[in-house]
Structures are given as structure tokens and as C-alpha cells.
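Could you use the hints to bring the two separately framed chains together as a complex?
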Amino acid sequence: MSLTNDIVLQKLQAAFGDAIVNGGEPYGLLTVEVPKADIINVLRFLFDDETLKFRFMTDLCGVHYPDEAGRELAVVYHLHNLEANVRLRIKVFTSIHEPDVPSATAVFPTANWMERETYDFYGINFVGHPNLKRILNVDEMDYFPLRKEYPLEDQTRTDKDDEMFGRG
Amino acid sequence: MDQNSAIILPEGSIEKTTTTLNVGPTHPATHGVFQNIMQMDGERVVSTEQTVGYIHRAFEKLAERRPLYQITPITDRLNYCSSPINNMGWHMTCEKLLGVETPKRVDYLRIIIMELARICDHLICNSIVGVDTGAFTGFLYLMQYRELVYEIYEEVCGSRLTTNIGRIGGFERNFSNTAFTKLEKFLKEYPVALKEFENLFNRNRIFMERTQGGGAISAERALAYGMTGPNLRAAGVDYDVRVHNPYCSYQDFEFDIPVGTTGDNYDRFMVRNGEMWQSLRIIEQAYQKIQGFTGAEAEVYHAEVPAYYLPKKEDVYTKMEALIWHFKIIMGETAIPKGEVYHSVEGANGELGFYFISDGGRTPYRLHFRRPCFIYYQAYEELAKGAMLSDAIITLSSLNLIAGELDA
Chain A
1 MSLTNDIVLQ
11 KLQAAFGDAI
21 VNGGEPYGLL
31 TVEVPKADII
41 NVLRFLFDDE
51 TLKFRFMTDL
61 CGVHYPDEAG
71 RELAVVYHLH
81 NLEANVRLRI
91 KVFTSIHEPD
101 VPSATAVFPT
111 ANWMERETYD
121 FYGINFVGHP
131 NLKRILNVDE
141 MDYFPLRKEY
151 PLEDQTRTDK
161 DDEMFGRG
Chain B
1 MDQNSAIILP
11 EGSIEKTTTT
21 LNVGPTHPAT
31 HGVFQNIMQM
41 DGERVVSTEQ
51 TVGYIHRAFE
61 KLAERRPLYQ
71 ITPITDRLNY
81 CSSPINNMGW
91 HMTCEKLLGV
101 ETPKRVDYLR
111 IIIMELARIC
121 DHLICNSIVG
131 VDTGAFTGFL
141 YLMQYRELVY
151 EIYEEVCGSR
161 LTTNIGRIGG
171 FERNFSNTAF
181 TKLEKFLKEY
191 PVALKEFENL
201 FNRNRIFMER
211 TQGGGAISAE
221 RALAYGMTGP
231 NLRAAGVDYD
241 VRVHNPYCSY
251 QDFEFDIPVG
261 TTGDNYDRFM
271 VRNGEMWQSL
281 RIIEQAYQKI
291 QGFTGAEAEV
301 YHAEVPAYYL
311 PKKEDVYTKM
321 EALIWHFKII
331 MGETAIPKGE
341 VYHSVEGANG
351 ELGFYFISDG
361 GRTPYRLHFR
371 RPCFIYYQAY
381 EELAKGAMLS
391 DAIITLSSLN
401 LIAGELDA
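Residue numbers (the numbering used here), protein chains in the order written: chain A, 1 to 168; chain B, 1 to 408.
Looking at chain B on its own, in the form it has when it is part of the complex (with noise of 0.2 angstroms):
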């Protein structure tokens, strides 16, 4: 029986062929808050109407009140999973503003943060699909290495979650042994526990049944919604920022791009997959690049630019100059040049851009986030319709929606 011929109604009833389901906003399916009102006819999807904006906190409009370095951590908060990226992405859209150069030991530490940052996104994203296939284990195993990753990040800038960490030009303090043994522990640990996870999802059966067919969306239609990262390339699409627009000197290292075919759930987990296992690759290369560095080049961790480069705090408690230099950068009182720069960089969910018109004032003019779940959300009623809720849930939590990015 074909699902639109199920129920003739007789002239003039109040009645539905379809039933309402609301799916959120506070729903432990979907991952984060946003809303999906879907008309079923029975256990299939009919068509489903996104409500997004409960977590909209006016990012861009804060941003026009806000001194660049009270910026930071207002980008913390839009992809929370990966707050590294954000925070860097800025801090490189200010440095392509303000033209300033960063050192390469500079940018081998932000790369090494960075993947270790997708990384996190990812086990996250891929453990929850398991998750809601009803394979509890992987989720398990797999959080426990962001912990290893967080305490990197806290040894880095003190944070764990929300880092807004780095400065423009670098880092605000070298990385301490401490904080390279532990990059030691989790590069050695880590490929162990994604190889068993691997083994426990990859090829088993029932969850290639789940998700193989499921959110199926071709090259063209990706294209077309505007979709950038692991779901374009599950497509088939191999467009990766750090490949064509490459910044922070990601040329210097080799990695590939795990591509998909269908585009479907199946091949979003495994590209996912894939793309941890190249960024485990790339922070293999810039750490040894990094112990390549000798005598002062090894202690470089920032870029000199006094007048946007946040002084040392031993000197801002005790020397009067510094005080005002951090006091002046902190309020935006250091000069920027008029003009309008966008810069973007391959978020773990696609190319997170910061379209940033100053005038030449305290604070940005505009500045405009180019999230990239909000984009790709529009995707999401094609790619439900017509499935049953299952697997439409399984769908939604493929896509990698991240509440912060989607309302910013």
C-alpha cells in the first residue's frame, strides 16, 4: 500500500492523514537543542519542518561591542565540541586583517591543537551514532580519550571545554613538557582504542544495515545545499579547506581526504573514520617537526607584535608599561585597519568562516559567522523523508549538528 493512498478521509473531517511528532527542542535523540516538527503517516517520515534558535545568543551583534580579544570567547561557544578551531580561526582572520606573519613552530602547535580538536569532535559524533543505534560500548570507551585531550588543552591555556585559547600571533605560553607527554600518551593510546572501535562497528552487520541507506544525498544536491565537510565528502565531493585554501602551513604536511560514494549514514561514520586517523598522521608530523626545532627557535611560541600580542603577565605586575599595553589591547584601544577580510578554516564540521569588516574602530563594524551545521541543516528535511523515525533519528545525529554552530 503506497503511503499517500493509506487513508482517504471523508468530505469536510477535522482528521489528519499524518500525525504530528515533535521532536524537541529538549530530546535525548536529538543532540543539542533544536526542534523538528515531523508529520508521520504511521512510522515513516512524511516531511519535517526545522525550528532552530533556541540557543541563539545574538553572537553577532556582541561581536560589534567587542574589542577583538573579547571576541575569543564568544567563538569558544559556537562548534563547543572543537573550541580550539573556532578560537584559532579568529585569531587568523584578525592576523590576515592585521598582517601579521606567524612563526612555523607557531602554527605546527596550532595544527597539533587543532586536529587534536577534530579528533574530539569526531569520536564524539560517531560514538553517539553508535549510540543511537543502541550500541552503548563505543561511546564508552571512546570519551575517555577526550579526557586525555582536555588535559592537554588545560596544560596549554587552563581550560578544558569553552579553551579560548591562543593570542593573535600564537599561544600564550609555550607548551610545557608536561603537556607534550601527555600528546605522547594519548598518540600512543589513542589508535588503539580507535582500532577497537573499528572493529566493533565497521563491518559489523547490524550496523551497516542501520545506517547503509539511510540519508543518502548526492554530489549535486550536497553541493547545492551548501554542505562543506564530512557530509560533502561522504558524497563524494573531496573539498577540504586545508587543501585548497591552505593556511597555518597545513602544505607543509601529507595527509589525504577520505571520500565517500553515497553520501549516506554509512559513509559519513566511515569518513569520519577516516579523517581521525589522518589527523592522528598529521599531529605525528608536526610533532616531530616541533622536536626538529634547536636552541631559540625551539622556545618560540608567538608572533612579534607588541601591539596586538598580549604582554607577558610576570611584566604586566610588575612593570608599568605593560600594564597599559595589556589594558589598552584588552579595551580595543590599539589601531586596526579599516577593510573587509573573510577567512576560513576546515572546522570538524566544514569550513567555519568570519566574514570581518572593521572601520577602523575598537571593534569589528560586522563580523559574520559562516557556521556550517546552520547551512547544512537545510538538508535535513530531503534527507528524512520517506525514512522510518529510527532511522530519521540516526540521519540527524550523522549530520554532526552542533547546537552552538547551528544559533550561534
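Okay, chain A solo, but in the shape it has when bound (with noise of 0.2 angstroms):
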């Protein structure tokens, strides 16, 4: 019996209950919500089981929601199954205040360098990786840019002379 979306999502509530919030399919790729208390053990039961086998993590980012109070930063999480070619996302949810997200490199190695980018970006502190600092931006950078608040260019620069090209 191949692996579908309902068989993945039947198997997430059994283990976990209320604790996954089904976000539908949205163009065939199920979606599903976690708190962040329960993701590395989610992300393990998905690694572990046998018939999961969720052993390939595709990609790890964040998204900054503004507007949604207690629930501005996001983490979404790709993981593929590549025997059976099924693919998942989940996504954590945390206050912009308490920005602590667990880490997921003892589960996914290759989870470091993504962590890295979107703490980089956000600001999300993941508890337990071994080497959060910033890995494209300069180390000194005080501010995490891709947060919505913050706009394309930064406003304090004072070596760029923008008076000819109609930006003074």
C-alpha cells in the first residue's frame, strides 16, 4: 500500500492528537501545524517511523506575519520521503517575543546552514545548534532584515550619494 497524504496525516493525529493542526493540501503538498514544544518529536516520529520514513529534509525558512499577534514568527519545514516520493511541510509558529524555536540538526544534519539563514534573517533563536551565528550577513549587523518592519535599503547608510540618480 503506497503512502498518501491521508495515510501521513492519519498517522501524525493518532501520535500526536490534537497537537497537529491540518492545513489542508494546498496544490497537493499537505500541509500541517505544530506547537513548538512538539516539533522535534514530531520531526523524529516522522524520521523513525517505518512507514513514514521521512528521511530527506528539502528545505527549512521563516516568514514574518506581522499582524498575527503571539504568532508573528513562522518556521516551515519541507521534508520529503524519497522511497515513497511523498512530500510534507510543517509549520511552527512563535512570538516575535520569545523567538525559541528547538533546533532540528540532531534529527536533520543539513538543518545547520538553514538555521543559520533564518536566524540571520529573523531573529528565531533555535535552542541546541551548535553554532547560531550569522552566515550571509556581516557578523556586526545589528537587525534581522527580512523582518516586514524593516525596508529594502537601509536608511542609515552614509557612503552611498543617491543626490543625482533622483534619491537624494
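Hint data in this document are derived by calculation from the structure and do not stem from the laboratory. There's no promise every hint is true.
[Said to hold, decoys possible] DSSO-like cross-link-like pairs, simulated, lysine-lysine; straight-line CA separation at most 30 angstroms:
| no. | chain 1 | residue 1 | chain 2 | residue 2 |
| --- | --- | --- | --- | --- |
| 1 | A | K148 | B | K328 |
| 2 | B | K313 | B | K182 |
| 3 | B | K61 | B | K338 |
| 4 | B | K338 | A | K91 |
| 5 | A | K36 | B | K61 |
| 6 | A | K36 | B | K338 |
| 7 | B | K182 | B | K104 |
| 8 | B | K313 | B | K104 |
| 9 | A | K148 | B | K61 |
| 10 | B | K338 | A | K148 |
| 11 | B | K385 | A | K133 |
| 12 | B | K185 | B | K104 |
| 13 | B | K185 | B | K289 |
| 14 | A | K91 | A | K133 |
| 15 | B | K313 | B | K328 |
| 16 | A | K11 | B | K96 |
| 17 | A | K53 | B | K96 |
| 18 | B | K182 | B | K289 |
| 19 | A | K91 | B | K96 |
| 20 | A | K148 | B | K96 |
| 21 | A | K160 | B | K61 |
| 22 | A | K91 | B | K61 |
| 23 | B | K312 | B | K338 |
| 24 | A | K36 | A | K133 |
| 25 | B | K195 | B | K185 |
| 26 | A | K148 | A | K160 |
| 27 | B | K104 | B | K188 |
| 28 | B | K104 | A | K133 |
| 29 | B | K16 | A | K133 |
| 30 | A | K36 | A | K91 |
This one's a predicted model, so the numbers in the text were calculated from it and none came from an experiment.
Rendered as C-alpha cells:
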């Protein structure tokens, strides 16, 4: 019997009950929301279970929703079962005032740099990460640029002269 | 003498047992702008620390301010050795979100361009591995064929390297007869050059001894590091997005997936060579299928989606409605549904994914690029540990790290 989205959802709900919130199947990809306290257990369950076998982490990224109080920062995990060719998207939401999410590096070593990039862009603190420091931006940067409140260009720069380009 | 007990320092000494060697960021041996701070014990690498971000251009932040067509030029600059693949991956992501279906002829034309781009990327990587072992000839002979491919791109979209090729739904113009003539020339001449290149390298004793055994990785470790593409296939896992999640009518084509065994530098080289032959096979099949279209079908080069496909330039310059549509589409004033989509294509380095969250506005709410180079560069420390410096450099080039895709 081949693995389908329904079976994945059933097994998750059987193991974790109400903690799993079904987010539907946008464009065929099953999406669930998991509380951050359970995320490592969920990832470990998905990895170890012999029917589910989600042993490849495709992607990990962050999203900022400034209008959702208490749930401003999201971490989105994309997992892939290579043998049965089934994908899964897991979302974890956290408040911007307590941006701590457990690190997935213990289950998926590939999450190492992906979490560093998410920390660099959004300021999400991955608890248990072996080396959580900025990866793409300069180490001295003191804000998290992909948050929605920051404009595309740093307004405090003094080294660029845009006078001639009509942007003075 | 084992490397860990080589030097015993007196108590309180300020000397270290290893030398710090800073490879990069600008270094002729690192093909791109990225840095490795290596701790060396003599000529052996004890550990390395990678620093990336020297060419970080904030693409993901830029994409939040740009309508769909304005994002295509920034996708060019991800893996710039094979930009058509990035462009088409992006357009296919938009088509998935918008529900646009492309006609078969468009798919086959796209496949020709994508496989040409794959050949270009692999030929650079393999010839540069040759250069790093000291064999410059292969590089000079093969680079000439990139010129032929650039001319084909130029016929279609006007640009050579950062192509900005295609539209949502197809191409900006039909392939001219010149483009097909150049394609036929490439298909006739490149296999000869590739065969000569293989004769020079594949069973060359010096090359084999330099590359075999270096940078080996097992399949489990490769999967744990999130490797995809030729690096993963060299380790023995036959995961290829074109076969597992076929897009753009790849299921209509017959091709093999070359797979290695030990995941070392030699296997990566051989897998890339094998993929170039398979790409040539796919291009020949696609070209035959395209020649099979007759009548009106043979003139199709885009899907009929006037809301997202820029109107013809002749109309834009002469008719008011076409001008307005052109303006609206470029500025993002046509409706995009709310939703989130993840689409991936088989880039030259692995699974290139686009995670697009739309809130119904003009620009993406969030666009994240799943960049294969960034993800597998994490593995470099494990691959280079214990190797001699020159072998560590060959491992670095055989991974085919493109700085644009590393940093985005």
C-alpha cells in the first residue's frame, strides 16, 4: 500500500492528537501546523517510523507575519520521503517576543546552515544549535533584515550618494 | 607519526599546533567568492571553517518588492552558469500558482534550453576539475562549445549569460531557423569534443590517482547533509527531480540517471560526464519531437494567458490596449491568487526549489529559494578533513559550488 497524504495525516494525528493542526493540501502538498514544544518529537517520529520514513529535509525557512499577535514568526519545514515520493510541509509558529524554537540539527544535520540563515534573516533563536551565528550578512549587523518592518535599503547608510539618481 | 601527536607544546606556550590558512574569498582555486579558513598540520587539513555571504544580494528581500516578471532577472543570478534553468524553474512555479498549462511544444522547447544549460554547467565543472589537477587543455577545448550555446540563447532571448529567458506560459518568441541550425551544429560537434575530453581524462592514470578516493562520502551522510544532484548521485542515490516529480513533460523522454558508488571526486566527475551524454540524448529526442509538429501547432510558443503573458512588441508599440496590458503585467497589477506553492526543478547542482507564499498582492509575500549549493557546502568540512591541501582544493571544485547560488 503506497503512502498517501491521508495516511501521513492519520498517523500523525494518531501519535500526537490535537497538537497536529491540518492545514490542507495546497497544490497537493500536505501542510500541518505543530506547536514548537512538539516539533522535535514530530520530526523524530516522521524520521523513525517505518511507514512514514521522512528522512530527507528539503528546506527550512522563516516567514514573518507582523499582523498575527503571538504568532508573528513562522518556521516552515519541507520534508521528503524519497522512496515513496511523498512531501510534507510543517509549520511552527512562535511569538516575536519569545523567538525560541528547538533546533532540528539533531534529527537532520542539513538543518545546520538552514537554521543559521533563518536566524540571520528573522532572529529566530534555534535552541540547541551547535553554531548559531549569522551566515550571509555581516556579523556586526544588529537587526534582522527580512522582518517586514525593515525597508529594502538601510536608511542609515552614509556612504552612498543617491542625489544624482533622484533619490536624494 | 600520527598527525595528532606530531607536536607537543610546552605548558603556557602561545604557539598553536596547526597553521591557519585562509583560502579565499578571492582565490584562483575557489571558483567563486567564498572562503575557507583551514587549520593545517603541515600539508594536511585538520579542519576547515566555511564563510559564505560575500556575494549576498538579498534576493529574498528584493523579491518581496518585485512583481513576478521583475523577479526573473534576479533568478538568473542564482546559478549563473545555467541561468535558463533558474528562469524556467521560477516561471514554472508561477504557472503552478496561477494554474497555467503549457502546450507540449513549449515544454519541449524549454527542455532543449534547460538541457543545454545543464551541459554548459557540467562542462565548466568538469573542465575546471581538470584545470585544478593541472590539465588545462580539456578546459580550453570544451569552453568553446559554451560559445555555441550562448549563440542559441542569444537567438531566443537576446542575452548570453544571464538570460532572463522565457515568459510565464512559454517563450517571448518562436525559435528562428537560425536557432535550430545552431542547435544542429552543436548536436553534431559537441559529442565529438566530449568524446575527446573523455579520452583525455577518464582513464588517464594521473587524473585517476589525483581524484579517486578524495572527498568520498557515503550515501547516508550525503542524504543527511541534504545533498541532491550529481553530488548525491555520485554517492549512489538515484534521486533526480526530473524523474521523481516530472515537470515540463520530462516523462515523455527516455533517459538514464548515471549513478556512482563511492561519492569521491572521480565518481562526481564521471556522473557529470554521464549526465552530459544523457542531456544530449534528451535534446535529440526533443528536437525530433519538435520537428514532428505541423501546421498551426508548429507555430505555438506560448500558452494563451493574456493576463500573465506580455503582449507582442508590435502590438505594444501600436495599440493602446496592448500597451496597457504590458504595463499592468510588468507592474504586477494583474490578479494573483492567494496561496503557497513549493516547486522544484533539477538544477545542474541538484534540487532547486522555489517556495512562494502569495497574499494576493502584486509581489510575493515571501519567496524562498532552496539553493542546492548552499545546502551541500556544509558537507565540505567532512569531505576535506585529513586530505592534503591540493586534494582538498580538488574536492572543492568537484562539488561545483557556484557562489551566486551559495549566497542569493
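Hints versus structure:
1. A:K148 <-> B:K328: Cα-Cα ~25 angstroms, so holds.
2. B:K313 <-> B:K182: Measuring from Cα to Cα gives roughly 25 angstroms; hence the hint holds.
3. B:K61 <-> B:K338: Holds. B:K61 to B:K338 sits at ~19 angstroms (cutoff 30 angstroms).
4. B:K338 <-> A:K91: Holds, at roughly 18 angstroms.
5. A:K36 <-> B:K61: OK: A:K36 and B:K61 at ~26 angstroms, within 30 angstroms.
6. A:K36 <-> B:K338: This hinted pair holds, its Cα atoms lying about 26 angstroms apart.
7. B:K182 <-> B:K104: holds (22 angstroms)
8. B:K313 <-> B:K104: holds (24 angstroms)
9. A:K148 <-> B:K61: holds (9 angstroms)
10. B:K338 <-> A:K148: holds (18 angstroms)
11. B:K385 <-> A:K133: Distance of about 23 angstroms is within 30 angstroms: holds.
12. B:K185 <-> B:K104: This hinted pair holds, its Cα atoms lying about 24 angstroms apart.
13. B:K185 <-> B:K289: Holds, because 18 angstroms separates the two Cα atoms, which is no more than 30 angstroms.
14. A:K91 <-> A:K133: holds (23 angstroms)
15. B:K313 <-> B:K328: Roughly 15 angstroms between the alpha carbons, so the hint for B:K313 and B:K328 holds.
16. A:K11 <-> B:K96: holds (29 angstroms)
17. A:K53 <-> B:K96: Roughly 27 angstroms between the alpha carbons, so the hint for A:K53 and B:K96 holds.
18. B:K182 <-> B:K289: holds (17 angstroms)
19. A:K91 <-> B:K96: holds (21 angstroms)
20. A:K148 <-> B:K96: Holds, at about 26 angstroms.
21. A:K160 <-> B:K61: holds (20 angstroms)
22. A:K91 <-> B:K61: Holds, at about 21 angstroms.
23. B:K312 <-> B:K338: Cα-Cα ~28 angstroms, so holds.
24. A:K36 <-> A:K133: Roughly 21 angstroms separates the two Cα atoms, so the pair holds.
25. B:K195 <-> B:K185: holds (16 angstroms)
26. A:K148 <-> A:K160: Judged against 30 angstroms, a Cα distance of about 23 angstroms means the pair holds.
27. B:K104 <-> B:K188: holds (25 angstroms)
28. B:K104 <-> A:K133: violated (47 angstroms)
29. B:K16 <-> A:K133: holds (25 angstroms)
30. A:K36 <-> A:K91: holds (9 angstroms)
The structure shown violates just one earlier hint, number 28.
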